[in-house]
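Place chain V with the ligand on chain W using the hints.
Those protein sequences? They're chains W and V, same order as listed.
Number 99 in this note's numbering belongs to position 99 of the first sequence; there are no gaps in the numbering.
Every position in the second sequence, counted from 1, becomes a number in this note's numbering once 1000 is added.
Calculated directly from the structure, the hints in this document are not laboratory data.
There's no promise every hint is true.
[Unchecked claim] Here's a subset of chain V near chain W, in silico, CB distances under 8 Å, partners left out:
no. : residue
1   : G1025
2   : W1039
3   : I1059
4   : E1284
[Said to hold, decoys possible] Derived coverage of chain V by chain W (criterion: at least 3 residues anywhere in the stretch with Cβ under 8 Å from a Cβ of chain W; other residues may be distant):
no. : segment
5   : 1064 to 1071
6   : 1277 to 1283
Glycine included, each C-beta is placed from N, C-alpha and C at the ideal position.
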Amino acid sequence: MKIDIKKIEEIVGENNYSDNIADLYVYSSDASVHQAMPAVIVKPKTIEEVQKIVCYANKKKIPVTPRGAGSGTSGHTVPIDGGIVLDLKQMNRILEIRPEDMLVRVEPGVVDDDLNRALNQYGLFYPPAPASSRIATIGGEIAANASGVRSVKYGATRDYVLGMKVVLADGSLVNLGSNTRVHSAGYQLERLIVGSEGTLGIVVEATMRITPLPKFRCLAVANFNSLKDAGNTISDIITSGSQPSMLELMDKVGIIAVNKAMNLGLPEVGAIILFEADGNVKEAVDYEMKKMKGICEKHGGSGIEMSYDAAERKRLFSGRKKLFAALSRYKEGIICTDLADDMGVPNSKIAQTAEKIHEIAERNNVIMAVYGHCGSGVIHTKIMFDTTKKSQWKDAERVIEELYDYVHSVGGVTSAEHGIGLSKAPAWKKARSDILPMMKAIKKALDPNNILNPHKLMDAPDDWVKATNLRYNVRS
Amino acid sequence: MTAKKVDFKRSKKWEQELNKCIRCGYCYELCPLFKSYTWESDTPRGKLILIYGMIADEIKPNQEIVDKIFQCFYCKNCSDNCSAGVPVTEVLTDARADLIEAGYDVKGTIVEIDENLCSVCGVCVPLCKYEALSIKDINKDQKKIEVDKIECRGCGLCVAACPSEAISQIEGCDITLPELHEKVKTLIQTYEDMKLIIFCCNWSLFPGMQLSESPTIIKAPYGIIVTMCSGRVAPELILNAFHEGAWGVMVAGCPPEECDHDGNYKTRRRLVLLKNMLKELNIEPERIKLEWFSTGESAKLKNAITEYVKELEKMGPIKKIEIQKMVGG
Ligand SMILES: Cc1cc2nc3c(=O)[nH]c(=O)nc-3n(C[C@H](O)[C@H](O)[C@H](O)COP(=O)(O)OP(=O)(O)OC[C@H]3O[C@@H](n4cnc5c(N)ncnc54)[C@H](O)[C@@H]3O)c2cc1C
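Next up, chain W with everything else stripped away, as it sits in the complex (with noise of 0.2 Å):
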């Protein structure tokens, strides 16, 4: 595989590529463990760039990784091959907002927050947001599936996607879905690409739906002494037919965490619910309220605050905002990797997995922090240990394992939200087994030479250990 720079200069110009050495490490690795170094970053700014760099790397076999923000958590942008890095950022622009018809186009490369902050004029919003939004790229989240804090109500990326403008692996370019709702014509083509990791195609343009904004949002905080009553408080809320647009839980870890790194002050209690409800009638709004905080109330949640205000909801939220960061600060020596960090439980099952994750890493001796939106069954969790130690991501791999074949036998799945990638590949390929001949043969029809961000997914290694360098400096 030999990349001719001359002409990958020809197609986007001499300062939109780059194969110096500061640029290709910087680009090998994302928020994950993992680190691999491509041959050149490009950053093409049009769809036809993409088409023809895309064109020029199948006919000699080089693969192409895309690249948004690089915020996935599971090495989906580590270019395991090397090859091209294609940064999509420099596609930046909200091309359309058509409010008579309810519907955004942008170019792959917008930021997740800078949608909103646009949409916010014409009092409409954007709600998959992940929590990584104001960096996170709408492509990214396409091809992510991502979700966030109000998927509870809203729903994921999936349940946005119109339609999209996407390269294939042979540089052609194809228009699928559609500017209507719903549309039944075949195959949901816009839907395959949707949590493709890249894989399939490069997503050029996207068609997304929108939504009004609420016109009131109250949000309220509840204290738990232990993660049991929280998270069976979750489940109870969920199953009373409550409308949370928002329901997260936080752990003890995750509270201390917070405390540390930002000084909030939160109480150190077992656990902590953070629920909002939204909508256009205040009454609404307020019965959905009162009616969570009775349920909070009847497994013992207390200090319960609750607000209508924005900049007081800022401040109730900020902890769980900043969280996955924050864990860093627990304990010195101790440091927080994206590992087994987001599966998905029935809502039955949620008390019980949060506890069986704690009994984990204690018997592994590591820290698990456990959190998230738990009110659509995403359960959070990082792994914390000491990564200069050979040893500690033996138990980490242990750890893994372990918790991942719990949330399979209660019927959950390896990634709610951040997806497959590197790390969880070997867990969910033992979970799925059934469907990776599906998933590679559809591989195989729309990209035969595997340039398309190959071995990722059903084609990533089976140690995920050694599936590439660790970003850590491991010693003994």
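For chain V with the ligand alone, kept in the frame of chain W given last:
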């Protein structure tokens, strides 16, 4: 240039902090250098990855890497907002010291002095709050201004103040005068409704779109140009904005006692003189406005902009002739 052997003794003590960076990338949105260069290697996360790579001996330092490490305005938007609490600029300063000690020639955002133009008048020396500039003896009769490349924060106040135009900074990150002129021109020519140009200090960030563009959708009557310090807004920049067709110019800086560089005192003096000049030309001095905003007061900034646009709409455009007289064109 051949690779030099570097002893990363200062940088190495940060290894554990660098492990704590979860590489979320939230710092991109806040980094003025990333916004002008658009390479991830220009972000705080990128720089930390490079430093980590060097101390872990995965990559060898070379000029390209060194240049990246020396590009930073120390605005600290990254470290102040890092939820993992990584002291980004402190790590950077130590890496810089290690690289300089190894003999690397550095440029980055550090100021450079053209000794052929410099008269060693010394005006710049007390101006620098970081004591990065000093007068050194070359021999018995000759002196020169020396730049401490570790301490220089790249604020550029000395560039704006040097009477001999002997101090310069690299182009490319939208901080030099010609680049700022070009930005003003592009804003006014691209957007039909553009009435107000705001020179906004990087420290009082505005909550507008950060990393995306919306060429046709957002028809704002104002445009924001981020400068590294209000002290860098030279009078000709403001006059030029009027010449290009702006109805008004707002300079948004940090309150006097809060400026990291003490640049805003100079701005205040400069703008008083400029307003008097406008009066003589029969132009309302109210077309220039200086406002102070603390870090995080973006809501206040937004309101101030809305109010000022209303005022300008009452005043209407400036008559072209007088402006041309002013800038001599
Ligand atoms: C602190 C933190 C919090 C997070 N919180 C959440 C959360 O709440 N919910 C959630 O869902 N995720 C979350 N994530 C994960 C991540 O932010 C999301 O997966 C996000 O959608 C990735 O967007 P990105 O632009 O960074 O994409 P990248 O990481 O750059 O790429 C992700 C995948 O998309 C592919 N890709 C990117 N652009 C394109 C394109 N145009 N066409 C085809 N493929 C493309 C890449 O090849 C890769 O496989 C979080 C991550 C971090 C670090």
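(request) Compare the structure with the hints numbered earlier in the document and write down the numbers of the violated ones, lowest to highest. (result) Failing hints, ascending: 4, 6.
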